[in-house]
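Each chain, written out:
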Amino acid sequence: MKFIEKLINFSAHLSCVVLMIMMLHVFFDVSFKFLFNSPIIATLSIVSYYYMVFVVFLPLGKTEIVHEHVYADVITRLFPEKLQFMFYIFASLISLIYFLCLGYQTFLDAVRAYQVSETYMANFVFYVWPSRWFLPIGFFTMAIAIIYNIKKAFLTKKVLYQKSDMEDLI
Amino acid sequence: MSDIVIGFSGLGISLLLIAMRVHIGVALGSISLLGIGLILNSKAAWGMITATPFNFIGNWTFTAVPMFLLMGFMCTSTGLTRGLFHATQVFFTRLPGGLAIASVGASALFASACGSSVATASAMSRIAVPEMLRHKYDKGLATATVAASGTLGSLIPPSIIMILYALYADTSVGKLFMAGFIPGILSALIYIAMIVTRVKLKPELAASIDTIYSKEEKIKAAKDIWPLPVLMFMVLGGIFFSVFTPTEAGAIGATLSMIIAFFRKSLTLESVKKSLGQTVRGTASIFIIIIGTSFLARFMALSGVPQFLAEGILSFGAGPYSMIFGVALLYLFLGMFVEPIGLLLLTLPIILPLANSLGVDLIWFGIIIVKLLEIALITPPVGLNVYVIKGALGELVSLNTIFKGVYWFILMDVITLLLLVIFPEITLFLPNLMWK
Chain A
0 MKFIEKLINF SAHLSCVVLM IMMLHVFFDV SFKFLFNSPI IATLSIVSYY
50 YMVFVVFLPL GKTEIVHEHV YADVITRLFP EKLQFMFYIF ASLISLIYFL
100 CLGYQTFLDA VRAYQVSETY MANFVFYVWP SRWFLPIGFF TMAIAIIYNI
150 KKAFLTKKVL YQKSDMEDLI
Chain B
0 MSDIVIGFSG LGISLLLIAM RVHIGVALGS ISLLGIGLIL NSKAAWGMIT
50 ATPFNFIGNW TFTAVPMFLL MGFMCTSTGL TRGLFHATQV FFTRLPGGLA
100 IASVGASALF ASACGSSVAT ASAMSRIAVP EMLRHKYDKG LATATVAASG
150 TLGSLIPPSI IMILYALYAD TSVGKLFMAG FIPGILSALI YIAMIVTRVK
200 LKPELAASID TIYSKEEKIK AAKDIWPLPV LMFMVLGGIF FSVFTPTEAG
250 AIGATLSMII AFFRKSLTLE SVKKSLGQTV RGTASIFIII IGTSFLARFM
300 ALSGVPQFLA EGILSFGAGP YSMIFGVALL YLFLGMFVEP IGLLLLTLPI
350 ILPLANSLGV DLIWFGIIIV KLLEIALITP PVGLNVYVIK GALGELVSLN
400 TIFKGVYWFI LMDVITLLLL VIFPEITLFL PNLMWK
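From first to last, the protein sequence lines are chains A and B.
Residue numbering for the first sequence follows numbering that gives the first Met the number 0, starting at 0 and increasing by one per position.
Residue numbering for the second sequence follows numbering that gives the first Met the number 0, starting at 0 and increasing by one per position.
Looking at chain B on its own, in the form it has when it is part of the complex (with noise of 0.2 angstroms):
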């Protein structure tokens, strides 16, 4: 058996193996020690255990994906991200769509504490969506919005994906947050628009609120809800201004969150413990399929299949669009049943080496990559961010009206792809502002 093969059938081996519920981490690791055993000798597969898990703790990227965790958990569990909605709702309800722009707001504003799409859609939904249904909303509309907004998760900085590409992209960390801000910012802006332009042309679709707020009634929401974007400033701009590292600005952020929690009389032995709990057992899960991964990205080396698929793509004289959207088809394919963490670290052995080879800029391509991951989340048949919602709510909205919702929504993420693809300024403006 030649290399090539060994290589392309321990993928499939892998995917099998996922597909069949074993651990990602496990599948990918497991076959990886396999093939590179078969490939040089069993000498060299218990070299690699001896090499990476400890090389990659030695590695202080890594060190961010914890402090960043348990800043999102902290602002979660002691209730700094209580009350975004009702107070978004506060400042947006009588724009045509209100409460629907007011989830998309604070869906980008929780979004950017806990850096986790799945889990902005799941406390989204238990909240905005019973709310605009009781306004007689639009069900497709009102599921939908809370499904594509918790998408922003990943790309409003800070982002746990993020880290773990700059880890295998070898890029900086601060740069990538960096980058995402403003297709994070646009993406939300974009669905805004289609939002207040449907509604405007079908009003049936969300019935206007006539409830009119008092200035001290939004000035109570503001005070309410002002720690977290204060907090996320300062930890994004400590960045950008190159004052601390990202896993500085992680550290920082959660002691923070503690300390506004406890002025706030929200902070209680209780929150604090279920922070650290999900954020070290949440870190582990990461870690195994990191080192799955690391084995992985070394068996493809040996193997050969990403020159292999990177000789192939350029001898069709194809360029990076077409590669992107190669990857936008396998994401399509693989976000049916592989969350996006999962999914991030399962492709990046084959994906990075072809972005080397074609020679496109890793930050852009970072954000491109985080953007697919996310449209991926809310694709048809399977998107996992409409079946999280889906198990919120229960029988009370189907999944086909969540997916018709949805259809509106991936149309404006293609729109802010393609401009994302076509004027890689809109990624890398700040970035390269940043100082250093």
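Looking at chain A on its own, in the form it has when it is part of the complex (with noise of 0.2 angstroms):
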């Protein structure tokens, strides 16, 4: 469990690490195009064949892990206790089902873009078959995810939900 926990943390660091340097690579794109009249070549492919892949995949299993993917609880929450958690068991394995199937997919198609070492078109040569590698990795750590709340659910005989964390916004 330490482990799981490890990776998943890891994966969700990185993708902060990686949001941030995209936040500050568009800006100073913009500045210097304003500033110099030079923006820093090819940053719209960087930006959504790299960055955004990190942003966006690596992050799914820790939104698993704090139930921040978004669900609906109002009419479940209205059945008692020991029904509410047949559901979010029934729930969770459709998900895992889900996710296995999305990343095996993306998985195939990720050893594919290998092998053909994959580009996209643009003004020059831009390799976008690593990228396709997060996919899969995603997608996997989203299903680990989900079978360690299942087995944390599992543990404490309760239904987890997501805690709010609105309190220290204004």
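Keep in mind the hints are simulated off the structure, nothing from the lab.
Where hints are given, some of them may not hold.
Some, not all, of what chain A presents toward chain B, calculated at C-beta under 7 angstroms [said to hold, decoys possible]:
1) 18
2) 29
3) 31
4) 66
5) 71
6) 75
7) 80
Simulated pairs of lysine-lysine, PhoX-like, Cα-Cα distance not exceeding 20 angstroms [said to hold, decoys possible]:
8) A:81 x A:151
9) A:5 x B:264
10) B:264 x B:219
11) A:81 x A:157
12) A:151 x A:5
13) B:272 x A:5
Listed next, the stretches of chain B that the computed footprint assigns to chain A, with coverage defined by at least 3 CB atoms under 8 angstroms from CB atoms of chain A [stated by the list, open to error]:
14) 25 to 34
15) 58 to 65
16) 272 to 284
17) 317 to 324
18) 400 to 413
This structure is a prediction, so every number in the text was calculated from the model and none was measured.
Backbone N, C-alpha and C fix where the C-beta goes; we use that ideal spot for every residue, glycine too.
Mind docking these for me? Both chains are given alone in their own frames, and the hints should help you get the complex.
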């Protein structure tokens, strides 16, 4: 369990670092464009094909661990706790299958992209095959996080909900 | 089974799964893949997985989502939004229902920074409501003001919901932002007019406050909050004059909010880490729904459900107005248990083809959709914003009391909505004025 937590936290932290770099990169790109009339080359492609895959796929697992994926529990909360628990396990299993499917297919795609050294047509050669790998990594991390949460739910015999962190907003 | 039947059953099963607490993105995605497999074959369904998630990443519009989320979280976690209510209070206190008006104003400002309705209501409920109750304001008025003003979050730009709508409708995010500006301000002004009128007619709703703030205090209050409005005007102004793209505007906004916080000595490692974490998790959760919605859009197109509905509507001779009415009913119902982003993404694959077939202006239609989503947040029996406030205040106020106050605001929203529907110019004036 400890190792899984570390892995999931690490991938989330990595995506935070990349997000910060992405913000600064775009900021400096715009600044250079105005100040020196020379934007940073290939910002658009780097942002969409490199930074975004980190930002979108790596935090998937962490988001699941803290229950921040979007779900509606207004209705299930009306049921007794035992049923709520069963709904939760049922929902988690569906998610698990879904993400394993996504992970499996995107893994095959990543292997294919690697074999042909997939590129993206820009003014210059831009390799996109490395980013393809982040899809299966993200989806499988998500699957691991779901299993982690199911185990936790069985251990505590409770449905776990998202904690609100709105307290100190204002 | 005909494709149409598969399409409608798929929709029904997806909704059932959502009601059973399955992640919204998973419910939409898994059923849509199954549906595509049934209509075509399993190879096509696997092919969707290959094509969809990665291509979305390459979509430049989506990159605006993490940037604006980051800007909002930076503003809130470094304290740029702190003091908003106090400042508006200093300026509006002496008007009838002054504290309620101050809440509307503070919510509007807060909303433009954070872009989320539920977060706005949640934050304001903890500071504005206790202050109003302390001054013996009517409980219904105090809580309803915050619940309703929270809904300004998605209408006043920048707004995450608008980016997502633009992504699907293939319209310009910048134009949509500009289109939301006047309707957002209009909604706030109509709220304020209603509050003033009600308090004038029934003074016991809101005790008048005699505190007179000195000029120095006013200056100090303005000094306290000026960075936020200035930041927002820079971001929106840049988009308006096409100086930068929405993504660039978001990145600039986030960076500047950090710089401002640095000079105000409120930038801590903790606050930066927190907003980065909130942003990546928010982005990931939205992205999972987006993938599900893209599968759903393909599934719907294959099944022919949207065309079927469009033909049905057209054969009844119904036009855009009846469609808007239909969407309103749909949102009132689904809005009871799905939050706005999920609701928008869940319904767009059906609504957008309909709107297209009726030939309505997609920018104008987008703003109407956002307004409808917002109204669904405060309508009984389950308005999400009302529950957020109830959750924040606990036993202090009953749900019934909040809803009783909220009816007035819903009435005002209906007026705003009618104005927006009848006079599209209100919405389209700014985007048409934009450069380029």
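For each hint, the structure was consulted:
Using the Cβ-Cβ criterion of 7 angstroms, the hint placing residue 18 of chain A at the interface with chain B is satisfied: the shortest such distance is roughly 6 angstroms. Because the beta carbon of residue 29 of chain A sits about 5 angstroms from the nearest beta carbon in chain B, less than 7 angstroms, this interface hint is met. Using the Cβ-Cβ criterion of 7 angstroms, the hint placing residue 31 of chain A at the interface with chain B is not satisfied: the shortest such distance is roughly 12 angstroms. Proximity of residue 66 of chain A to chain B is violated relative to the hint, the smallest CB-CB distance being about 10 angstroms (cut-off 7 angstroms).
Look at residue 71 of chain A: its Cβ gets to within about 5 angstroms of chain B, closer than 7 angstroms, so that hint holds up. Interface hint at residue 75 of chain A: satisfied, since its Cβ lies 5 angstroms from the closest Cβ of chain B, which is below the 7 angstroms cut-off. Taking 7 angstroms as the C-beta cut-off, the interface hint given for residue 80 of chain A is violated, the closest approach to chain B being about 13 angstroms. Restraint check for residue 81 of chain A and residue 151 of chain A: satisfied, since their Cα atoms lie roughly 16 angstroms apart, inside the 20 angstroms limit.
Taking the CA atoms of residue 5 of chain A and residue 264 of chain B, the gap is near 32 angstroms; set against the 20 angstroms cutoff, the hint is violated. As the CA atoms of residue 264 of chain B and residue 219 of chain B are separated by approximately 17 angstroms, the hinted pair is consistent with the 20 angstroms bound. Our distance criterion of 20 angstroms between C-alpha atoms is met by residue 81 of chain A and residue 157 of chain A, whose separation comes to about 9 angstroms. For a cut-off of 20 angstroms, the pair hint linking residue 151 of chain A to residue 5 of chain A stands: about 16 angstroms separates their Cα positions.
Pair hint residue 272 of chain B plus residue 5 of chain A holds up; C-alpha atoms about 17 angstroms apart against a cutoff of 20 angstroms. Only residues whose beta carbon comes within less than 8 angstroms of a beta carbon in chain A count, and the region 25 to 34 of chain B has 5; three or more means the coverage holds. Here the region 58 to 65 of chain B counts 5 residues with a CB under 8 angstroms from a CB of chain A, which clears the bar of 3, and the coverage holds. Interface restraint, the region 272 to 284 of chain B with chain A: holds (11 residues with C-beta to C-beta distance below 8 angstroms; minimum three).
For the region 317 to 324 of chain B, the proposed coverage by chain A is not satisfied: 0 residues have a C-beta within less than 8 angstroms of a C-beta in that chain, short of the threshold of three. A count of 0 residues in the region 400 to 413 of chain B with a Cβ less than 8 angstroms from any Cβ of chain A is obtained; the coverage claim is therefore unmet, three being the minimum.
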